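Peer 1: Turn these sequences into a full structure, and let the hints guide you.
Each chain is listed here by its residues.
Number of protein chains: 8
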Amino acid sequence: MSYDRLTPENAAVLFVDHQTGLSNGVQDQSLPEYLTAVTGLVKFAKAFKLPAIITTSASDGPNGPVLPVITQTLPDAPVISRPGEINAWDNAEFVAAVEKTGRKKLIVAGVSTEVCVAFVALSAIKAGYDVYAVIDASGTWNKLVQEVAVARMVQAGIKPITWVAVGAELQGDWRNATGQDLAQIMGEHLPFYGNLAASFFAAKG
Amino acid sequence: MSYDRLTPENAAVLFVDHQTGLSNGVQDQSLPEYLTAVTGLVKFAKAFKLPAIITTSASDGPNGPVLPVITQTLPDAPVISRPGEINAWDNAEFVAAVEKTGRKKLIVAGVSTEVCVAFVALSAIKAGYDVYAVIDASGTWNKLVQEVAVARMVQAGIKPITWVAVGAELQGDWRNATGQDLAQIMGEHLPFYGNLAASFFAAKG
Amino acid sequence: MSYDRLTPENAAVLFVDHQTGLSNGVQDQSLPEYLTAVTGLVKFAKAFKLPAIITTSASDGPNGPVLPVITQTLPDAPVISRPGEINAWDNAEFVAAVEKTGRKKLIVAGVSTEVCVAFVALSAIKAGYDVYAVIDASGTWNKLVQEVAVARMVQAGIKPITWVAVGAELQGDWRNATGQDLAQIMGEHLPFYGNLAASFFAAKG
Amino acid sequence: MSYDRLTPENAAVLFVDHQTGLSNGVQDQSLPEYLTAVTGLVKFAKAFKLPAIITTSASDGPNGPVLPVITQTLPDAPVISRPGEINAWDNAEFVAAVEKTGRKKLIVAGVSTEVCVAFVALSAIKAGYDVYAVIDASGTWNKLVQEVAVARMVQAGIKPITWVAVGAELQGDWRNATGQDLAQIMGEHLPFYGNLAASFFAAKG
Amino acid sequence: MSYDRLTPENAAVLFVDHQTGLSNGVQDQSLPEYLTAVTGLVKFAKAFKLPAIITTSASDGPNGPVLPVITQTLPDAPVISRPGEINAWDNAEFVAAVEKTGRKKLIVAGVSTEVCVAFVALSAIKAGYDVYAVIDASGTWNKLVQEVAVARMVQAGIKPITWVAVGAELQGDWRNATGQDLAQIMGEHLPFYGNLAASFFAAKG
Amino acid sequence: MSYDRLTPENAAVLFVDHQTGLSNGVQDQSLPEYLTAVTGLVKFAKAFKLPAIITTSASDGPNGPVLPVITQTLPDAPVISRPGEINAWDNAEFVAAVEKTGRKKLIVAGVSTEVCVAFVALSAIKAGYDVYAVIDASGTWNKLVQEVAVARMVQAGIKPITWVAVGAELQGDWRNATGQDLAQIMGEHLPFYGNLAASFFAAKG
Amino acid sequence: MSYDRLTPENAAVLFVDHQTGLSNGVQDQSLPEYLTAVTGLVKFAKAFKLPAIITTSASDGPNGPVLPVITQTLPDAPVISRPGEINAWDNAEFVAAVEKTGRKKLIVAGVSTEVCVAFVALSAIKAGYDVYAVIDASGTWNKLVQEVAVARMVQAGIKPITWVAVGAELQGDWRNATGQDLAQIMGEHLPFYGNLAASFFAAKG
Amino acid sequence: MSYDRLTPENAAVLFVDHQTGLSNGVQDQSLPEYLTAVTGLVKFAKAFKLPAIITTSASDGPNGPVLPVITQTLPDAPVISRPGEINAWDNAEFVAAVEKTGRKKLIVAGVSTEVCVAFVALSAIKAGYDVYAVIDASGTWNKLVQEVAVARMVQAGIKPITWVAVGAELQGDWRNATGQDLAQIMGEHLPFYGNLAASFFAAKG
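Residue numbers (UniProt numbering), protein chains in the order written: chain B, 1 to 205; chain S, 1 to 205; chain Z, 1 to 205; chain V, 1 to 205; chain G, 1 to 205; chain X, 1 to 205; chain H, 1 to 205; chain W, 1 to 205.
In short, the hints are calculated from the structure, not lab data. Hints should not be assumed to be uniformly reliable.
Pairwise CB distance ranges (calculated) [as the list claims (entries may be wrong)]: (1) X/Arg175 x W/Gly205: 52 to 60 angstroms; (2) H/Gly157 x Z/Glu99: 56 to 64 angstroms; (3) Z/Val79 x B/Glu99: 22 to 30 angstroms; (4) V/Ala58 x Z/Glu99: 37 to 45 angstroms; (5) V/Lys104 x S/Thr71: 50 to 58 angstroms; (6) Z/Val79 x V/Ala58: 32 to 40 angstroms; (7) V/Ala58 x Z/Thr7: 20 to 28 angstroms; (8) G/Gln180 x S/Thr71: 51 to 59 angstroms.
If we take Cβ atoms under 8 angstroms as the criterion, some of the chain X residues that face chain S in the derived model are [to be verified]: (9) Ile125; (10) Leu144; (11) Thr162.
Predicted, not measured: the structure shown is a model, and the values here were computed from it. The C-beta atom is built at its ideal place from N, Cα and C for all residues, glycine as well.
Peer 2: Here you go:
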């Protein structure tokens, strides 16, 4: 399995059913940890100008609207409301949006991990994409479901990853143009790093 | 590993030794979580009219009778009592019942995960079936045994899955005929979802 | 601290803000465990004909309606909607309802443990009641909040208890009239016990 | 709270509902840990010739017979079958047996911790006894129930203890007559100690 | 222990050594959970116009500056730099600041729980104050240290509490003037509640 | 990976460094759980008359002698003391003993999992054997080391397994000659099963 | 319970059975965490010139010798070998050594928490001392035993504490003579603090 | 995947970003456990005279200097400061240093596991090296990130390992020249082993 890296030029990011109602079912991590990871990932999408696609399942029903942090940070990302398809890949508009990005690497996150994320990821890898599932920017009903979902996806060749690694791989080198943005995002959402920086600059005087 | 999906037409479900005595040995999850998952899976089998086969090991001995929720929900499913075979696949009647379904995808759950589920799953994959092991609708003696059983099955190409993902993959699209049934089952047995729906309909007024 | 027991004649039960929206914030236990405990407690209230009072906070807002299992099991219990008071004891109608029961022992459960349960319990003990807080039939945002809430209540003399102990203390002797009901409730909601009974009766033949 | 110690002359031990069926509901510890602790406590009772009383709840029903290790190790201990009383202290025969021991310190263990142990302990302390609840030689449905039961008992002045501490406090000095027995029991049931001794004697040559 | 409530008129809040360097030693909760709680508490202090005192230990050394969220949200709160006193109560300027508030109820949080919080709390209760220790808005090196610190403080009569309970007790009634602010703070920092509200308002249309 | 089963005719079992001193370093499970699993595996070896080989590392030094339960249950098994080789496969006498069994399936357990078990297992699979690593009858310094050791072995094609599954796979059918022995071993060392049987036979009367 | 502080002038420290063999039974914390805490406490004893007493139980038997870090750091502390007394307070030489210190505050740590620490602590408080039990510089067989031991000691008025709090309370003010020593000990044994300091001094340049 | 072992002649070790600031973000293990593992690995590098390369990311910024234990133990190892490259493999000087070692097996550890370790490991395996990732001598922000990082690396063929296994595989036979050194390192940093040895030598007299 060769290590062909994520770059701002070869990757797109898919936010699948990060809806307010569904997010309240997330119990494989604490909610502050889940939201921190989702927020970090969204801000990376913006910082690296990644093509982003948002999709929802029945957002006018109990599942609720998209988490505001996603739509507010990425106001130009298409939001594709699926009328019934559980696997977003079954929705032609969604697949067309993915194809339109021209990217062959797909970074996928969502709720729930074993349904909304895994189904899209399995379909995408079958369709020839290189797929990364962002486990901490996704969520599900309990830790066991998360573990099983990761095992199923890894078995199928999907790469498991976490939000900080996504940003670091996209950045590549801190000296690249987005370095400042990346540092700020990590400082805000990886709390130890923000503390570290604040301590450092205080010490420098 | 191609993503050839579970459908109501290509899958059968096997309930292996979900007996009352054995179920009291389940300690890899809390019992309410285990029972919730088993119940959800059983109701999916009914809703999607999946061919279902129930088998027991010495059900007139300490292992006890099948969990009532299974036999009551699926009164027409054959119950194959094995006189001694630990691996249900060694029982000719059981294999015949599986073959009679004509399905090539087998959804397996049971107690215990590392014996009753894993042995059938390993035999079935060897016999050419595509096998899904439902880890949360199965149970075993402690978390370590569960972890090892999942690792052994994944290594052999068996797909690990959880009950909600089974239902979602079978449903495919909420607009399909079984959509209402699925929503009701999830509302009853995935408690956050029932709460979500109740809140939503109250808000709609 | 003398051991003056709970009896069907001296106790009332208070369900505080067990609303569908708030219940989706419960993360100190798994949701199936929380719901199992709430359901068991509600059925005890019915079986022992305890005076029961249900109260809600802004049930026409995001907090959502009362869990259906409560209102359906106890259709005659008053449901007191508080227009703004966080501590139900600040609501005159609620206190009047408590006083009207004539009981000096109050069994309290609700969401969240550290606010809705603790505040009522602290006020009730100050008002001279003997108060029992049912920790597993209550819920809150994470385990730490639960631990702190229990410590605060115990420090103040409130008795911590769990749903099975409430039923057992009320029953006192299995030969009392409600013995059959109690056994059935435990069989349904304390899963190991249901399994035990099923195995036993199968063995008896 | 003065430290008036447990001695072989001032203490009796009560085994409450350590039945085979109920023991299969124990999930606050692993079953091997629970059984190890029960076995250690039973053997201490024998080694120190403590008056011991065994009681059961409906032992001809689903709760099952007493754990064989108890009755086999203490063949002369009375076994008091309660026809219906949940709190053993409500059974006159049981209380008479306790009184007959002439001991004022009661060491209590059983299943479940929050019902069978806590109720007897609360009644005994009310009746003027000094009560020790052996938490690891008792068991209950999950960790939360255990925590709440311990908090309730401690609040009431019952002393929480564990099996090794019971033996050590009874022994007092390794040079007392029972020292050899104690060492053997700990070597067998506190596994690290048995390993330690085996290593030591091997090293001594 | 009577239940004399926290109100905006009788309470002051003390932030003890919430410094960026020290905060990176917090491991009794995840950092996102800790920061969420600190932020919530700080915003409550502002919303309820509580007198607030910030103190630091050697903030020009490795301990680092105060967490920016504290000083930015409460720009007028005095920041008392202690030149060496570990227990802030040993610093005359700090005690004077507390006395100047005229409040007899002190809400204390800080890092670390067992030193910076516990020492101040123990001194304050000795000095006649009614003291609340906010455990989740405090942090320490591991879970065991937290547990021991809570036990020591509870033993001494200090009331353990968590950030949401502080806000709810101060608010008293949602109809009070600060109700909107409180709802917004909870919506932002108790993530399930924000999700709940967003879902609700979407459902209302 | 075909499912070619363990049978009493094709398998041998290797006990690697289950020494009393090393066993006191086991912290990935509780010691009672570890010892229960080791004991069960040893008794299976005896019941199925598996060729068994015991090896030790410096058993006259700090590592200590072999756990007595192993040598006492299998008095005829060769005990190969390695003078220095960490990987038992580097010891010619050990390899000769393995070859002499004529078996191509090796069941390996020991302390520590990541060294003594993994090294033998990796060498054996390289040498053409089919290798099963019994994770719960092995032990190591903490849970993380266990997880990593399992991952490394699974990656290399070694089959992870647990002691109950070993016995069940060897037995195949309860009606085979060893059925009684197997039931007794499980009844003694898988505590829930012993309880189940005792309850059952009591119920049968 | 007044807050009368630990000072270098009013406290003595007792190391009870921190022997190498017994230490290998510690499983309520990881061994690195336990050893770190013991080492920190021993170094505090030296830095503050606290009278220190070391006692052992059968140190020429399986329990092993005292941890070398203790005797090497405190070469002048008396080591009282108890010939058989489990509770060190039963040994006249030990009590005489305690009395000779003239201190009324005793800081106690040891293995195991529920026997060696709790028994001494209970006897000392009965004898009129003010007793602090250092839970993380003590150890026992599992987390449950630790929890029960802490509950028993707190119930009896013994103050639970952890090693860092002991040092901080003794130091009082960083400007006191021992400030440098304290900072060095914390830097070495509270790893985050050492990291913090190293980062700081690097930043200062 | 053949088992071609690590030897002192075929392996080099890479310490990636073990900096003081970054180390304070490690929360997937306790800090004492992390530091113990790092220290053990560093001492192995010295004992086996492995070529070692240290690299840092912005060590004059918030990330801080290298952990002193690394540079002090390996004073001759090159320390390659990367001006911006996140993946050390992107730094020509680093790759040249690796190539200069002439070793084809690379042992990698660092902070954080999913970025600094995984990126180097993925690049190195792509470049034809055989790569071992030392998970306990590495660290990251929480357990979930660790699990995902291990899964990603294992999927790519990188071998997961822990520090004790590295030393044991390098040593091969205790009789090799480095045996004494290895024993001393393990005795100091695998605490149970040091205790074992001390007990043993005391017993030998």
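Peer 1: Next, verify each hint and record whether it holds.
Peer 2: Going down the list of hints, with the structure as the test:
Checked against the given bound of 52 to 60 angstroms, the beta carbons of X/Arg175 and W/Gly205, roughly 57 angstroms apart, stay inside it. Between H/Gly157 and Z/Glu99 the beta carbon distance is about 39 angstroms. The supplied range of 56 to 64 angstroms is therefore violated. For the hinted restraint 22 to 30 angstroms between Z/Val79 and B/Glu99, the CB-CB distance of approximately 54 angstroms leaves it violated. The hinted window of 37 to 45 angstroms between V/Ala58 and Z/Glu99 holds, with their beta carbons roughly 39 angstroms apart.
Hint check: V/Lys104 to S/Thr71, Cβ distance near 54 angstroms, so the stated range 50 to 58 angstroms holds. The supplied range of 32 to 40 angstroms is met by Z/Val79 and V/Ala58, whose beta-carbon atoms lie about 38 angstroms from each other. A C-beta distance of roughly 22 angstroms is found between V/Ala58 and Z/Thr7, which places it inside the suggested range of 20 to 28 angstroms. G/Gln180 and S/Thr71 have their C-beta atoms about 55 angstroms apart, which keeps the hinted 51 to 59 angstroms range intact.
Because the closest C-beta pair between X/Ile125 and chain S is about 13 angstroms apart, greater than 8 angstroms, the hint is violated. Hint status for X/Leu144 relative to chain S: violated, with the closest Cβ pair at about 13 angstroms, above 8 angstroms. Because the smallest distance between the Cβ of X/Thr162 and any Cβ of chain S comes to about 5 angstroms, under 8 angstroms, the interface hint for this residue holds.
In terms of the numbered hints stated before, the structure departs from hints 2, 3, 9 and 10, listed from lowest to highest.
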